[in-house]
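> Sequence:
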Amino acid sequence: MNDTVTPAVPPSIRSRSLLPDTEARQKLRRKRARRDKTSRWGITIAGYGVVFALAMIFIYLFYEVMPILKGATVTPQATYNLPVQDAGLQRFLIERYEELGIQYTDDGRVTFFDADNGEIRSQFELPIPEETEITSFAHTEAIGAVTAQGLSNGQAIISRHAFDLSFPVDRRVITPKMEFPFGEEPITVDPAGMALEHLAIETVTRGRGGSLMAAITADNRLILTHLETRSNMMTGETTVATRHAEIDTVPEQPVKMLLDKALRSLFIADQSGFIYYYDVSDLNNPRLVDRYDAGQGSAITAIDFLVGTVSLIIGTESGELSQWFLVRDEQNINSLVRIRDFKAHGAAITNIAPEYTRKGFLAVDAAGHLGVHYGTSARTLFLEQKANTALIGVAISQVNNRILLLDANNQIQAAGLWNRHPQLSFSALWNKVWYEGRANPEYIWQSSSASDEFESKFSLVPLSVGTLKAAFYAMLFAMPLAIAGAIYTAYFMTPKLRGVVKPSIEIMEALPTVILGFLAGLWLAPFAEDNLPAVFSFFILMPVMMLLFAFIWTKLPIRKMIPDGWEAALLAPVILIFGYLCVVASPWIEIWFFNGSMRQWFTDIGITYDQRNALIVGIAMGFAVIPTIFSIAEDAVFTVPKHLTQGSLALGATRWQTVMGVVIPTASPGIFSAVMMGFGRAVGETMIVLMATGNSPVVNFNIFEGMRTLSANIAVELPETAVGSSHFRVLFLAALVLLALTFVVNTIAEIIRQRLRARYSNL
Numbered sequence: 002m003n004d005t006v007t008p009a010v011p012p013s014i015r016s017r018s019l020l021p022d023t024e025a026r027q028k029l030r031r032k033r034a035r036r037d038k039t040s041r042w043g044i045t046i047a048g049y050g051v052v053f054a055l056a057m058i059f060i061y062l063f064y065e066v067m068p069i070l071k072g073a074t075v076t077p078q079a080t081y082n083l084p085v086q087d088a089g090l091q092r093f094l095i096e097r098y099e100e101l102g103i104q105y106t107d108d109g110r111v112t113f114f115d116a117d118n119g120e121i122r123s124q125f126e127l128p129i130p131e132e133t134e135i136t137s138f139a140h141t142e143a144i145g146a147v148t149a150q151g152l153s154n155g156q157a158i159i160s161r162h163a164f165d166l167s168f169p170v171d172r173r174v175i176t177p178k179m180e181f182p183f184g185e186e187p188i189t190v191d192p193a194g195m196a197l198e199h200l201a202i203e204t205v206t207r208g209r210g211g212s213l214m215a216a217i218t219a220d221n222r223l224i225l226t227h228l229e230t231r232s233n234m235m236t237g238e239t240t241v242a243t244r245h246a247e248i249d250t251v252p253e254q255p256v257k258m259l260l261d262k263a264l265r266s267l268f269i270a271d272q273s274g275f276i277y278y279y280d281v282s283d284l285n286n287p288r289l290v291d292r293y294d295a296g297q298g299s300a301i302t303a304i305d306f307l308v309g310t311v312s313l314i315i316g317t318e319s320g321e322l323s324q325w326f327l328v329r330d331e332q333n334i335n336s337l338v339r340i341r342d343f344k345a346h347g348a349a350i351t352n353i354a355p356e357y358t359r360k361g362f363l364a365v366d367a368a369g370h371l372g373v374h375y376g377t378s379a380r381t382l383f384l385e386q387k388a389n390t391a392l393i394g395v396a397i398s399q400v401n402n403r404i405l406l407l408d409a410n411n412q413i414q415a416a417g418l419w420n421r422h423p424q425l426s427f428s429a430l431w432n433k434v435w436y437e438g439r440a441n442p443e444y445i446w447q448s449s450s451a452s453d454e455f456e457s458k459f460s461l462v463p464l465s466v467g468t469l470k471a472a473f474y475a476m477l478f479a480m481p482l483a484i485a486g487a488i489y490t491a492y493f494m495t496p497k498l499r500g501v502v503k504p505s506i507e508i509m510e511a512l513p514t515v516i517l518g519f520l521a522g523l524w525l526a527p528f529a530e531d532n533l534p535a536v537f538s539f540f541i542l543m544p545v546m547m548l549l550f551a552f553i554w555t556k557l558p559i560r561k562m563i564p565d566g567w568e569a570a571l572l573a574p575v576i577l578i579f580g581y582l583c584v585v586a587s588p589w590i591e592i593w594f595f596n597g598s599m600r601q602w603f604t605d606i607g608i609t610y611d612q613r614n615a616l617i618v619g620i621a622m623g624f625a626v627i628p629t630i631f632s633i634a635e636d637a638v639f640t641v642p643k644h645l646t647q648g649s650l651a652l653g654a655t656r657w658q659t660v661m662g663v664v665i666p667t668a669s670p671g672i673f674s675a676v677m678m679g680f681g682r683a684v685g686e687t688m689i690v691l692m693a694t695g696n697s698p699v700v701n702f703n704i705f706e707g708m709r710t711l712s713a714n715i716a717v718e719l720p721e722t723a724v725g726s727s728h729f730r731v732l733f734l735a736a737l738v739l740l741a742l743t744f745v746v747n748t749i750a751e752i753i754r755q756r757l758r759a760r761y762s763n764l
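According to my numbering, the sequence shown is numbered sequentially starting from 2.
Since the hints were made in silico from the structure, they are not lab data.
It cannot be assumed that every hint is accurate.
[As the list claims (entries may be wrong)] With a straight-line Cα cutoff of 35 Å, these simulated DSBU-like cross-link-like pairs (lysine-lysine) come out:
| id | residue 1 | residue 2 |
| --- | --- | --- |
| 1 | K561 | K643 |
| 2 | K257 | K344 |
| 3 | K344 | K387 |
| 4 | K257 | K433 |
| 5 | K561 | K503 |
| 6 | K262 | K433 |
| 7 | K497 | K643 |
| 8 | K28 | K38 |
| 9 | K344 | K71 |
| 10 | K556 | K643 |
| 11 | K344 | K433 |
| 12 | K433 | K71 |
| 13 | K556 | K503 |
| 14 | K497 | K561 |
| 15 | K71 | K387 |
[To be verified] FRET-style restraints, in silico, Cβ to Cβ:
| id | residue 1 | residue 2 | range |
| --- | --- | --- | --- |
| 16 | Q254 | D115 | 36 to 42 Å |
| 17 | L512 | I144 | 48 to 54 Å |
| 18 | L512 | I576 | 17 to 23 Å |
| 19 | S697 | V515 | 18 to 24 Å |
| 20 | F59 | E24 | 50 to 56 Å |
| 21 | Y61 | P574 | 51 to 57 Å |
| 22 | F168 | E198 | 42 to 48 Å |
As the structure is a computational prediction, the values presented were derived from the model and not from experiment.
Glycine included, every Cβ here is placed at the ideal spot set by N, Cα and C.
Using the sequences provided together with the hints, build the complete structure.
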């Protein structure tokens, strides 16, 4: 045996040959380390950047929403004496520009004074007839500025304060004046000439001409006087026509009378705490409807209408404040109902001043407290003592930025008021609210109206329910198709066919949702309405037809000629043909089973059907969601390790058993992630629900009715709202709710996904 001797290599040569290679590897390691470090820092910074961006979104939304939670603030500005103190006070006001205060006194004078210091600017005397005196006083809704003085001879003088504006040297100058809408001559209210001890007047009407006055005379008669002006087209002369009526039932000790703007209802409060409700809509037959114990054992000390003259605010001797309005029952009978209570003052309410354009009001009491309250939200935004003596008068400007307080010592306090968002509260946003004119408390979203006295309705419940409703029906349509299609495509379908199907479905995600919404609203919705039996036949009978085809396929001898994985291609013509047959048979099915119209049949059995409804949204949004769910779920199923499926098959399991016992559990974290991604897409979808629904904010899960979602509502209303308004803020709150909803759902989904991964990782 020959031994082969390897020549020895000198150490110097060996070290020289290895040195360059070692240095290159060390350089490569350092380069990789730098890249790894850079990547690690880059990924970390990017991750923190995402968290920071998300946090900033939350912070910005909170910044826009926070003013909603703030109450009212009152800032003292000046204190001075009441300009006229030698006559009784009838009314106390501040004009809309917040420069002038207005004082009506019992001697028939109207005084306009500087709201900053009490200096008298102008003073007018009403044309009171000689040898008569003012015995009563009334005014219309505050924004109407009309007042009436009842006289001792049974007459009344109706006047209105107004202002002329001029701008000399670019500075606004307000010039007060008095107007007489029915002329300067007194109006005869009581033909018998008895003194008018209590008076009510309203001149703003809805659909009727003229004005109405109600008066209680010294001999305790209740008289109604309808006034109507007529103008001569030739001479321009205006005459006043009057009609009178009397009501027999009169409270013994009346305190105050109020007429509503519709000239239909008269309310009289008495000293015992009762409210008398009269129907005066027919002057030929005015009548007492009922009386109500509003004080509940406590005397009524203040009462007034909120703007719109629908709601009564009643203050009692014990300091309680409550809101009442008429509610119509099923028998079409109106009843005065106590709707809500406000935080009690603890002392007798002395005066109530309603806001001019909102359902809020100010109240003062005998202990010197000022309260700022709001009707719809039932909020007491401010309640503090502002004087050491009783406050007997309060006035608020039309823009709600300034108030005047009058105490028992004839001292006026001028103060600034911040009260931007009183109509928003947790109760008004998330609980049922009893709105004016409604029979019961309801969830309603109605942010605007053409009426000045509109009661804003900002319930987020209909929008939240609509969001969940749209997402639910979209997922109900998309999940079975997307997940089943993903499993079949990844595990059963031939690679060649999979290479066509998977990209085709994924490219659907690039289809603009506005196109899907357009097609759903203008084509699918009318088609579904005209072919309801076909739609239901397709959803109900199509799975049966597919199972029947599968059973027949197993019996056909040509089955062995078709390679496995091509079954979907054979099923496609069956689906198309069956769908066509459903559409063709739809009119006949309606004639045979639904008297010619399935939609009318739904109406007859009490189910509301809207053309653009949740069914249409579910189908259209389902097509938008399917690519997302399919793509992620298909990747999760396809990446299941082959040795798991091969081991299952080797142990004797069928392919279906392998799918159910191995593939789906292993891929469940990915499938669940796909479902959550699809749900997030459905919750945030805007254009489809905007175009394919009636956009009606209703609270139900009826598949045949529409809805309004949070995202669609923001898209529709945000461009039209005033920046910084309550409507603007509540839309940002809706965005915050939507973001919080998706954040919470995704967080829970991630927790569940991690647990599923940990559970099935041992496979």
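> If a hint holds in the structure, say so; if it does not, say that too.
Taking the hints in turn, this is what the structure says about them:
no. : hint                      : result
1   : K561 <-> K643             : 25 Å, holds
2   : K257 <-> K344             : 23 Å, holds
3   : K344 <-> K387             : 17 Å, holds
4   : K257 <-> K433             : 32 Å, holds
5   : K561 <-> K503             : 26 Å, holds
6   : K262 <-> K433             : 27 Å, holds
7   : K497 <-> K643             : 19 Å, holds
8   : K28 <-> K38               : 15 Å, holds
9   : K344 <-> K71              : 17 Å, holds
10  : K556 <-> K643             : 31 Å, holds
11  : K344 <-> K433             : 20 Å, holds
12  : K433 <-> K71              : 22 Å, holds
13  : K556 <-> K503             : 30 Å, holds
14  : K497 <-> K561             : 19 Å, holds
15  : K71 <-> K387              : 20 Å, holds
16  : Q254 <-> D115: 36 to 42 Å : 40 Å, holds
17  : L512 <-> I144: 48 to 54 Å : 53 Å, holds
18  : L512 <-> I576: 17 to 23 Å : 21 Å, holds
19  : S697 <-> V515: 18 to 24 Å : 21 Å, holds
20  : F59 <-> E24: 50 to 56 Å   : 52 Å, holds
21  : Y61 <-> P574: 51 to 57 Å  : 54 Å, holds
22  : F168 <-> E198: 42 to 48 Å : 45 Å, holds
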